[in-house]
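Line by line, the protein sequences are chains A and B.
For the first sequence, this note's numbering begins at 1 and goes up steadily by one.
For the second sequence, this note's numbering begins at 1 and goes up steadily by one.
If you are wondering where the hints come from, they were derived from the structure by calculation, not from laboratory data.
Some hints could be false.
Unchecked claim - Covered stretches of chain B (chain A as the covering partner; in silico rule of three or more C-beta atoms under 8 Å from a C-beta of chain A):
#1 22–28
#2 179–190
#3 237–248
#4 261–270
#5 350–361
#6 369–379
#7 427–441
Stated by the list, open to error - Here are the computed lysine-lysine pairs in the PhoX-like style, where the Cα-Cα straight-line distance is at most 20 Å:
#8 A:K282 to A:K270
#9 B:K2 to A:K223
#10 A:K3 to B:K353
#11 A:K3 to A:K13
#12 A:K223 to B:K274
From the three backbone atoms N, C-alpha and C, an ideal C-beta is built for every residue, glycine too.
2 protein chains.
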Amino acid sequence: MKKDYAVELLETKQFAALKNELNEMNPTDIAVLLGEMYEADDLGDRELTLLYRVLPKELAAEAFTYMDSEQQVVLINAFSDNELRAVIDELYLDDTVDIIEEMPANVVSRILQNTDSETRKQINELLDYPKDSAGSVMTTEFVYLHKEITVQDAFSKIRRVGYVKETIYTCYVTENRKLVGTVSLLDMIVSDPETRIEEIMDTNVISVSTHDDREAAANTLSKYDLAAIPVVDAEARIVGIVTFDDAIDVLEEEASEDMAVMAAISPSDKPYLKTSVYQIYKARIPWLLLLVISATFTSMVLELFEKELAAVTALVVFIPMLMGTGGNSGSQSSVTVIRGLSIDEISFSDIFKVIWKEFRVAFLCAVTIAAVLFLKILYFDRQGLNIALVVSGTLFVVVVVAKFVGCTLPMLAKKIGADPAVMASPFITTIIDVIALLVYFVFAKAVLNI
Amino acid sequence: MKKDYAVELLETKQFAALKNELNEMNPTDIAVLLGEMYEADDLGDRELTLLYRVLPKELAAEAFTYMDSEQQVVLINAFSDNELRAVIDELYLDDTVDIIEEMPANVVSRILQNTDSETRKQINELLDYPKDSAGSVMTTEFVYLHKEITVQDAFSKIRRVGYVKETIYTCYVTENRKLVGTVSLLDMIVSDPETRIEEIMDTNVISVSTHDDREAAANTLSKYDLAAIPVVDAEARIVGIVTFDDAIDVLEEEASEDMAVMAAISPSDKPYLKTSVYQIYKARIPWLLLLVISATFTSMVLELFEKELAAVTALVVFIPMLMGTGGNSGSQSSVTVIRGLSIDEISFSDIFKVIWKEFRVAFLCAVTIAAVLFLKILYFDRQGLNIALVVSGTLFVVVVVAKFVGCTLPMLAKKIGADPAVMASPFITTIIDVIALLVYFVFAKAVLNI
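Given the sequences, and given the hints that come with them, work out the whole structure.
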């Protein structure tokens, strides 16, 4: 249903029609629609609650999970304890936890008051897992079966727990809570009802531990094309699963984070259009200031050689080009390596392979650019042979150094547990700028004997 | 099984043990292991074929799909027609197509000769879809049901086709080949065998068209948390589905591509460590050359103002800082917008929202940095008031312009169907560099009345 039509139905008080339209919709779209209407002030808190209440219970709860925390707070405050309990019962535990993490304290305590002690315990456990750990993104709603039971019994258990999501298409076989195998729903469907689970289970189980990085969990799921990957605790007992939809979100967030950090922005998982100007400012300004300050080093180098500059002002002309090309050669290498690290294509043990490969690439690039530049300076810029030698010689060194620095720093960062992406552009660029200028003037002094 | 142990078993000719070890392994790991052994020359073509032949048919076929094309070619060449046919029968159509796309022509024709005409027709159809279209990543193996049949009949159909992957957990309900609904395996399991499919099907179908961008398909799948998204042709007939595992690969590849392009590298979907030095060189050098050439503009500006530079050499000192900060302010905006566009958080229609938001952010950033810089120049660099005014004034303008250019260009690129990522660093940086220098010297002339 288009927003305008919904607004029209609302203003003309055709609630029955509105209700039918909404019932036809997908929970995601309902959340988006209500969100847009709310932000455009077509909906007040009262109307939002009213529309929400006309939705069938299950659809309502699902739509709820897709809403912005802003609208969720409005609804929760409007809910009676019974309504709140009804919604929470419909929610998946991990969704409840995601919601709680966004909520103001008073709302959180109200949510917790309205969950039974067992759920509350599980919620608190989930909240306890370190941010960005596999435990923090897993759901505790999965089907586990004992290996002795029959397919028939397995089905009746599945029907009993009746989770309504992909989470049940793989069942996890346990032996005193330890994960010993997996069995897909399909295998059960195609086997005789009397078959015992252990006969059809796959004992070759891929799993991650609760404290593994959530990105590692998502990468593993993707590597083995799993719909869900089991998460086990220190005693190899299965405590949850990470499903493909959460894995996709993790991979998307991590990629966005890397890009942000590479561009010198503190990452945020809030959509751009929903982030306030001040928040964006706060995420960007520290890095810009850092750059202004770090640029002091380049200034120092330039002051150091003010005499030479005054003597041969022609030198100035090439400074932007030297620094620009150096910076880009560096980020070509760093970005390649950073991405390789985050999708597990490269690990620290490859460091020498990488350096050797980058060195050869750097050499080829450096020769090419230096040659082109040399000719350009001689015949296009009509400068003397000495200048041409100094500039293209400098560029050669700068490109080689830049690619070395660019590929090495991210790997070292990874090794010491820092975020490799931080090593992209800004930092590396500053380092390279300084080196470029130093090399440049040392060469200049030597060749032009100033 | 560890590589060394496998090599040892191989060298000591303990094939039985080797076979058992392999049978215990996951197809992905088998492919990785054999690949490593082959590249380390622990395996010749003969041994590779030999080891492959000891694997059970189904496991072998699955492992085959995860191998590098290099080893796939070796095996295909070693296969008898019967073996080849056996493998192809086990493969999913989309996997077969992926393999074919990597193969030399002679191998391709051999593969096609060994597929029945129906399969060959489907393969050719899949190969016809434009690169990066939803059609090119979909699989044509999905279960479709007529809405009149009962759950019971549905199950027997599922058992009959017996696909061994997630592809069957959602079945697609068709009415003379048009897609009219979906029904999840779970819904079928929990309903009475006599229920008719149309009673339990969900008529609210999310689908994409064969020619939609593969990234759009993956984003939609992720937005609605679907395990698979149906792909329909111009007549709304379902022709295939994109499953979550392929969607994940698409999203990962697209993110890697964006990062590469942002860093001025021509993207490649080959893993870094498997890409030859020359290929990497080819992907990077054109952009570096482009930068060297485009830097000509900055040089021109500098030559234009050589007189002023000679007069006040102190001006030179701040050039790197001005250009560096300008470049980064710009890429902060461009990278944010580019990412927003590719994960569908931002669309072209938001352009004015975005510009207005970036303008306010830019103003805040510019004021802050200019102020800090002003004081730094006065009290740290001990320069005169005029210099401080010129430099911080320039920086203010540069930051505002940079953020404007940075957020606008990618959106325009998107509008004209170009890749927004191309608008990141290199291009924008050059533009901003030139503007920065122009503003700088105009200010300088005015204030320092040179």
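So, going through the hints one by one against the coordinates:
{"no.": "1", "hint": "22–28", "in the structure": "holds (count 4)"}
{"no.": "2", "hint": "179–190", "in the structure": "holds (count 4)"}
{"no.": "3", "hint": "237–248", "in the structure": "holds (count 4)"}
{"no.": "4", "hint": "261–270", "in the structure": "holds (count 4)"}
{"no.": "5", "hint": "350–361", "in the structure": "holds (count 6)"}
{"no.": "6", "hint": "369–379", "in the structure": "holds (count 4)"}
{"no.": "7", "hint": "427–441", "in the structure": "holds (count 4)"}
{"no.": "8", "hint": "A:K282 to A:K270", "in the structure": "holds (14 Å)"}
{"no.": "9", "hint": "B:K2 to A:K223", "in the structure": "holds (18 Å)"}
{"no.": "10", "hint": "A:K3 to B:K353", "in the structure": "holds (19 Å)"}
{"no.": "11", "hint": "A:K3 to A:K13", "in the structure": "holds (15 Å)"}
{"no.": "12", "hint": "A:K223 to B:K274", "in the structure": "holds (17 Å)"}
Consistency note: the structure conflicts with none of the earlier hints.
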